[in-house]
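Chemist: Protein chains in written order, with our numbering: chain E, -7 to 449; chain V, -7 to 449.
Calculated from the structure, these hints are not laboratory results. Note that this is a predicted model, so its numbers are computed, not measured. Among the hints, a few may not be true.
Because identical chains cannot be distinguished in the list, a pair is counted as satisfied if it fits within a single copy or across any two copies.
[Claimed, not checked] 20 Å max Cα-Cα, derived EDC-like pairs, lysine to aspartate or glutamate:
#1 441 <-> 363
#2 346 <-> 241
#3 251 <-> 266
#4 251 <-> 302
#5 157 <-> 398
#6 195 <-> 87
#7 346 <-> 271
#8 346 <-> 266
#9 264 <-> 276
#10 399 <-> 241
#11 264 <-> 311
#12 38 <-> 9
#13 346 <-> 311
#14 449 <-> 5
#15 38 <-> 445
#16 338 <-> 271
#17 449 <-> 47
#18 38 <-> 156
#19 372 <-> -6
#20 91 <-> 311
#21 448 <-> 67
#22 346 <-> 261
Protein chains: 2
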Amino acid sequence: MDKLNQYIDRNRERFIEELFSLLRIPSISSDSNHKTDMLLCAERWKELLLEAGVDKCEVMSTEGNPVVYAEKIIDNNLPTVLVYGHYDVMPTDPDELWKTSPFEPVITNDIIWGRGADDDKGQSFMHAKAFEFMMRENCLPCNVKFMLEGEEEIGSESLYGFCEKNKQMLAADVILVSDTSMLASNIPSITTGLRGLGYVEVKVTGANRDLHSGLYGGAVANPINVLCQMIAKLTDDKNHITIPDFYKEVLIISEEERKLMSQAPFSLENYKNELGINDIHGEEGYSTIERVGIRPSLDVCGIWGGYQGEGAKTVIPSEAFAKISFRLVPHQDFNIITERFINYFKSLAPSGVKVEVTPLHGGYAYVCPIDFPAYIAAEKAYTSIYGKRPVPTRSGGSIPIIAGFEKILGIKSVLMGFGLSTDAIHSPNENYPLEQFFNGIRTIPLFYKEFAEIMKK
Amino acid sequence: MDKLNQYIDRNRERFIEELFSLLRIPSISSDSNHKTDMLLCAERWKELLLEAGVDKCEVMSTEGNPVVYAEKIIDNNLPTVLVYGHYDVMPTDPDELWKTSPFEPVITNDIIWGRGADDDKGQSFMHAKAFEFMMRENCLPCNVKFMLEGEEEIGSESLYGFCEKNKQMLAADVILVSDTSMLASNIPSITTGLRGLGYVEVKVTGANRDLHSGLYGGAVANPINVLCQMIAKLTDDKNHITIPDFYKEVLIISEEERKLMSQAPFSLENYKNELGINDIHGEEGYSTIERVGIRPSLDVCGIWGGYQGEGAKTVIPSEAFAKISFRLVPHQDFNIITERFINYFKSLAPSGVKVEVTPLHGGYAYVCPIDFPAYIAAEKAYTSIYGKRPVPTRSGGSIPIIAGFEKILGIKSVLMGFGLSTDAIHSPNENYPLEQFFNGIRTIPLFYKEFAEIMKK
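Okay, chain E solo, but in the shape it has when bound (with noise of 0.2 Å):
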């Protein structure tokens, strides 16, 4: 422990301008003028990988955006770590709302802040540097291979099939991923869930043209207001779900596995007081945490039709829109699901309208038992490290692809996280903690010797 300190103390400003250097590419994969960038951040990780020590490192080509894969195989008869993060990022808008450039990061009452500082530029990096401290020192004790893709935030298309085509070159005991978060920075803990999600844009059409509201208002149909209406009927007044079947396969947890997960450590107080809210709003009959951890949700995560500009424009439009996403729980499946939302929704339109509803993306949930292997090793090491056995949490969250790993290549993951819920990922002034940063560079070493030492047994 005390030579991995001193490394990262003697290394430390070379590890932050690295990791800033991935920060300031761009690539944010949802939005088509950033293809280059991509490239660019791909190529960049190629060289931080073959700086850190790997044997070999490939760009590879995909359907999207390409693959980084990199390996260092040491011993054909020991273990085989397979680490996982992703390089492409979200957009930034609402643009106004960041305090600093998103691409610019800088590191202010040592909190690295810029798009990708967590999610997962920040997170995947530890990895990188804590291979760099196990080559260097001679103490890696496990092959390891790194895959890291640039189409996560926008549903890892290409990655299904990559993985498909590259079994035998990605086969390996353990998936280590993160790309999640922890209860707090004095509070370890392990996602042994994930949901899963759909995801659809949708676009109600009234009249062939903008309308005067004078001329025709109440006599024809306004495609906002239907669209409101269609969106309110989604829910009912106790915030369930009305989607015909919604809830048909939903896995429901044992009172016990409630109650234990109700010990968590949380306070609604500081919940509510560190979103700026008055009151949470949910389905009832569950807690917070329960909402968030297995249940399933209905977000609009964006809406728009009309006019949006400065003062009063008088008009019906002709069209609005809404993105609509589904956060699941085990055993949704995510297709089933879309086309239930797809039936049901159409069948909400008056015969003034017509409905168009687009899948944009969709991924099962993920559930990790707390005996697994790689389990049991994640929680040794962060014991070492904390002082305290990480609890195993579900999160909200969703990363489609963990599910599809399972399910392709027969490969459980364990998500080690070091996340914090005031990262503000997917939003403005996303940010890491330093001390977040080099906790997760010290507690994996401590993994990868835990698990060569289980996997001996």
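Assemble chain V onto chain E, guided by the hints.
Modeler: Okay, now just chain V, sitting in the frame of chain E:
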């Protein structure tokens, strides 16, 4: 009449070129970037009115955009007509739907295409050219005053004060306005009723920042979902507006008058085909003509919030917005209705969000009785030109200042509109058929003649 037709034939190209010089100025009053264009447009009107033969013309400053005032006083014993119009136009968005450039007017198939071609540059310019004819042919039978404002599309805010200040200068026997439509190019009609207007912007705020829809989805209020639910609650399943006391002051039209209204030519099939809709949509118990003529309505004119870009971004936005308009009928007071809306709308919000409502503008409804002398003069003028008596109709649109003129100046208006429902005012591809433009110029001098005669008696 022959003289008039000859005059039009001789000057046809000049009339069009003069109108185009107005249409080329992007005088969008709702956009503060166009302040200079408002002045340019007012100055151009001044030049054109002086050339047409007024004694004096001034661009008079107000708290907002200037008013163009001109007059030709021939005899204080003769009746005086005050012509009112507006030189401001609506914004052009969505720009991608325009087939021609909105401020580069062109003529194809004998139709003028461009923003303001009808509303209201094209229509108000007919009065300048009809006046010019009467001056050149020495047959002007009344005094004439012109008042052209630059804020009609944003509520005529400064014109109320302007009228208060200039009551003496504006004294007249009737206000003549061409800013409405007729039923069809072969079915003349005169608008005898205008709806009033209320217009507000609403903002719903949830958490203090955009949130990850996975980590928070289902546990906190999503301002878009909430806004949709609140908007949906503004109408019931029979499309009645649910704001308490919204209909309290609504003028109930007699069964007899409703019967007369139902005799106006109207083809539901044509209406639906022309709009490209499968079905109409409106308040139960009323016909389409009644829904826009004698009943109030509520339309969301714009909505926005969250991610509106390409692809899928999973986010719970911090804020969501909408612009909501009401069309009001006699005797609804927009101030009272706006207040009732604000109270009701805020009461619909769950405790997890904050709601702000900003009133943007408003105006009263207007009615012109069909036995009003100037109405009779207008009726005779249309009958001469079109060979049939014009139908009195109630428009769904609003020109709030018309009710203001009656309140402040004590002068009633006659709405001699020559627009058509296909003119796409406030929409992309606004247009004005040359036939309507020249028939307007033909009809107006006859009005003056009939009006002078009626007033003599």
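Chemist: Could you run down the list of hints and mark each one as holding or not?
Modeler: Evaluated hints:
For a Cα distance limit of 20 Å, the shortest separation of residue 441 from residue 363 inside one copy, 18 Å, qualifies, whereas the shortest one across copies, 98 Å, does not. In this assembly of identical chains, residue 346 and residue 241 lie within 20 Å of each other by CA distance neither inside one copy nor across copies; the values are 30 Å within and 35 Å between. Taking the shortest alpha-carbon separations for residue 251 and residue 266, neither the intra-copy value of 25 Å nor the inter-copy value of 62 Å comes in at or below 20 Å. Within a single copy, residue 251 and residue 302 get their C-alpha atoms no closer than 51 Å, and across copies no closer than 42 Å, so neither meets the 20 Å cut-off.
In the homo-oligomer, the alpha carbons of residue 157 and residue 398 lie at most 20 Å apart inside one protomer (15 Å), although the nearest pairing across protomers, at 78 Å, exceeds that limit. In the homo-oligomer, the alpha carbons of residue 195 and residue 87 lie at most 20 Å apart only across protomers (19 Å), although the nearest pairing inside one protomer, at 26 Å, exceeds that limit. When the C-alpha separation of residue 346 and residue 271 is checked against a cutoff of 20 Å, the pair qualifies only between copies, where the shortest distance is 10 Å, while the shortest distance within a copy is 37 Å. Proximity of residue 346 to residue 266 under the C-alpha cut-off of 20 Å is restricted to the inter-copy arrangement: shortest distance 16 Å between copies versus 41 Å within a copy.
Taking the shortest alpha-carbon separations for residue 264 and residue 276, only the intra-copy value of 18 Å comes in at or below 20 Å, while the best inter-copy value is 43 Å. For the identical chains of this complex, residue 399 and residue 241 are intra-copy neighbours only, at 19 Å inside a copy versus 65 Å across copies, given an alpha-carbon limit of 20 Å. Only between protomers do residue 264 and residue 311 lie at most 20 Å apart by alpha-carbon distance; the minimum there is 17 Å, versus 36 Å within a single protomer. For the homomeric pair residue 38 and residue 9, the shortest alpha-carbon distance inside one copy (16 Å) is at most 20 Å, but the shortest distance between copies (65 Å) is not.
In this assembly of identical chains, the alpha carbons of residue 346 and residue 311 lie at most 20 Å apart only when taken from the same copy (9 Å versus 28 Å across copies). Neither within a single protomer nor between protomers do residue 449 and residue 5 lie at most 20 Å apart by alpha-carbon distance, with minima of 39 Å and 97 Å respectively. Within a single copy, residue 38 and residue 445 get their C-alpha atoms no closer than 30 Å, and across copies no closer than 92 Å, so neither meets the 20 Å cut-off. Taking the shortest alpha-carbon separations for residue 338 and residue 271, only the inter-copy value of 16 Å comes in at or below 20 Å, while the best intra-copy value is 32 Å.
Taking the shortest alpha-carbon separations for residue 449 and residue 47, neither the intra-copy value of 28 Å nor the inter-copy value of 107 Å comes in at or below 20 Å. Taking the shortest Cα distances, residue 38 and residue 156 never come within 20 Å of each other, neither inside one copy (22 Å) nor across copies (74 Å). In this assembly of identical chains, residue 372 and residue -6 lie within 20 Å of each other by CA distance solely inside one copy; the values are 18 Å within and 102 Å between copies. When the C-alpha separation of residue 91 and residue 311 is checked against a cutoff of 20 Å, the pair qualifies only between copies, where the shortest distance is 18 Å, while the shortest distance within a copy is 34 Å.
With identical chains, the CA atoms of residue 448 and residue 67 are at most 20 Å apart within one copy only, with a shortest distance of 13 Å there and 113 Å across copies. In this homomeric assembly, residue 346 and residue 261 come within 20 Å of each other (Cα to Cα) only across copies, at 18 Å, whereas the closest approach inside a single copy is 44 Å.
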